[in-house]
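Engineer: The primary structure of each chain is shown beneath.
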Amino acid sequence: MIRPIAAILSRNLMKLRRDRMKLFLNLFMSGLFLFIFSFVIKSTVPGLDHPMNYLISGIIIMTVFQSALSNSMNILEDISSGFMKEILVAPINRWQIAIGHVLSAMVVSVIQGLIIVVIGLFMGLNIDFLHGLAMVGLMFLVGLTFSALGLYLATLTKESSNFQLLITIVSFPLTFLSGAYIPTMALPGILQPFVYLNPLTYTTAAFRFVALHMENMPVSDLVKAGVAFNVHGFIITPPLSLLLIMIMCILFFVLCVNRFNKADFSRVKIFKHSH
Amino acid sequence: MKTNSIEVKNFTKNFGDFTAVNNISFNVEQGTIFAFLGPNGAGKSTTINTLCTIQEKTDGELWINGHDVSLQKDKVRRDIGIVFQESTLDGKLTVEENLKLHCAFYKVPKSEVMERIDFVLDLVDIKNRRRSTVDSLSGGMKRRAEIARGLVHFPKVLFLDEPTTGLDPQTRANVWDYIHKLQKQKNITIFLTTHYMDEAEICDQVAIIDGGKIVAHDTPANLKKRYTVTTMKIKTSDPDRLEVYLQERSIKYSVDRQQFLIYATGTRDVVAIASTFKETIEDIEINKGTLNDVFIAITGKEIRE
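Respectively, the protein sequence lines represent chains A and B.
Remember, our numbering sits 2 above the position in the first sequence when you count from 1.
Take the second sequence: its letter number 231 is residue 221 in our numbering, and every next letter is one higher.
If you are wondering where the hints come from, they were derived from the structure by calculation, not from laboratory data.
Any given hint could turn out to be false.
[Stated by the list, open to error] The list that follows gives simulated cross-link-like pairs (lysine-lysine, DSS-like), each with its CA atoms no further than 25 Å apart:
(1) B:K97 - A:K17
(2) A:K17 - B:K117
(3) A:K264 - B:K47
(4) A:K264 - B:K63
(5) B:K82 - A:K264
(6) B:K176 - B:K117
(7) B:K82 - A:K24
(8) B:K146 - B:K(-8)
Start from the sequences and build out the full structure, keeping to the hints where you can.
Structural biologist: So, in structure tokens, the structure goes:
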């Protein structure tokens, strides 16, 4: 039962190792944001105690998010190259295929996140072992959540190239409205409802709460720091954010495996290769 | 006792209003090569896809080695190997990695994996390219790698969907050598689709499919016997005697100057005419019917390439 899943996982990781350009490009974006926003954040948010830690933790979790989403989309490549057919006629279950793909996207996203952690350590990020462990745990959770979402979305599509562009276009504003790069407090009031509806907001908040050792802060300070939210008097604390992520994770995972079981991949357009 | 590897009864497949396959039935005996011959869009790939469990039937019964194709997918999948029309190898991986992956999917015992990979790569003669990425191989080699992969789990039934389309004649001949070698060594059943007449010619059984229906199904020899005539072109110094001979036996012919075109019904006619007029025949040309003629006779059209 485990062998096919492990085989898909190791195959996807092997492919990524060969395609270093992809890995690099993903990290390049994160690095670029780190660089640009490190200038911006100091001037725009004067009240922040540790602006760099604040920024780095946001970028780490956004890297995990982006990478999970885009790596689970790699399955579209399998569909258009025809390799998906080979998997579909093999005596393995659809859910095994789905889990294999979700796990690979998750592992890759966590690895990319860890690379940003290491870069962050050089830039002044300060973590101890326990917090580090909690951060990695959260990264796995976030990676799993959005890998499942990505795979779910990928199975809905029939045309691969436009879809990937669409995902990029949608995920970009979401990351900006999540507080990862620009603190949510600094955003204009009319955008606040979008901030609260954005699942990434809670992802960022929970991760930042851990990364910045905020467990002893009073709730009012947490709200001020943008890791807890006061929605018309109802306070969404970081533990509540964590719960929200867990619910999303289960939801997306079930959706994705379910959808994968039913999807008719034989009708997806396959580009013919000359033999 | 003869057993059937594939049994299809009243199989129908609709796509919306369109009927791709219309109530077809056939059996394939174990250890034989069976060809589905027909033009593009005749329903060949739909039948293969349904037998391979990637499409659901609309109606009918399909069995492979006694397993119901719709209800016992896993058992069917374990028993079959498939080489699709389009490449389904992972181009970024090496040949060996593709095969190993396949072994993991088909639960080939780990201790046997390397041995089997050696065996199949040897069979299709690409052992020296095992560590090359698939993308770097030529079309013919990719095809061979594909066939090797379809065999590495030792399937009992091998499906080949247009296995040689797009290959040059030399490579096509090689691929056929492998197919025959394989059938002999492993006694597996081979089900293939093709639109090459010469390929169908060397199969044990041929079913001609057109517009979703099987219009003829027999051995290539029987099909030709039934649907084609042998033509003789004879130039003779004694045309009058030949004309009388043909008229007496009511054998159809046409004549243009001294050149006769005779539509013989069988080998016996041909031999009789040739021996009777051996003294006066100046030139002779005998054309046996081909499967192409069979196809034209049955469907009224030429098969497209």
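Engineer: Now look at each hint and say whether the structure bears it out.
Structural biologist: The hints, checked one at a time:
1. At roughly 22 Å between alpha-carbon atoms, K97 (chain B) and K17 (chain A) fall within 25 Å of each other, so this suggested pair holds.
2. Restraint check: the Cα-Cα separation between K17 (chain A) and K117 (chain B) comes to about 23 Å, which is no more than 25 Å; the hinted pair holds.
3. Between K264 (chain A) and K47 (chain B), the direct Cα distance comes to roughly 16 Å. Compliance with the 25 Å bound is thereby established for this hinted pair.
4. For the proposed pair K264 (chain A) and K63 (chain B), the alpha carbon gap of about 15 Å is at most 25 Å, so the pair holds.
5. Straight-line distance between C-alpha atoms of K82 (chain B) and K264 (chain A) comes to about 28 Å, which puts the hinted pair past the 25 Å bound.
6. For the suggested pair K176 (chain B) and K117 (chain B), the alpha carbons sit about 20 Å apart, so the restraint of at most 25 Å is met.
7. Between K82 (chain B) and K24 (chain A) the CA atoms are separated by roughly 14 Å; this keeps the pair inside 25 Å, and the hint holds.
8. Distance hint between K146 (chain B) and K(-8) (chain B) is fulfilled; the C-alpha atoms sit about 15 Å from each other, no more than 25 Å.
When each numbered hint is compared with the structure, a violation occurs for hint 5 only.
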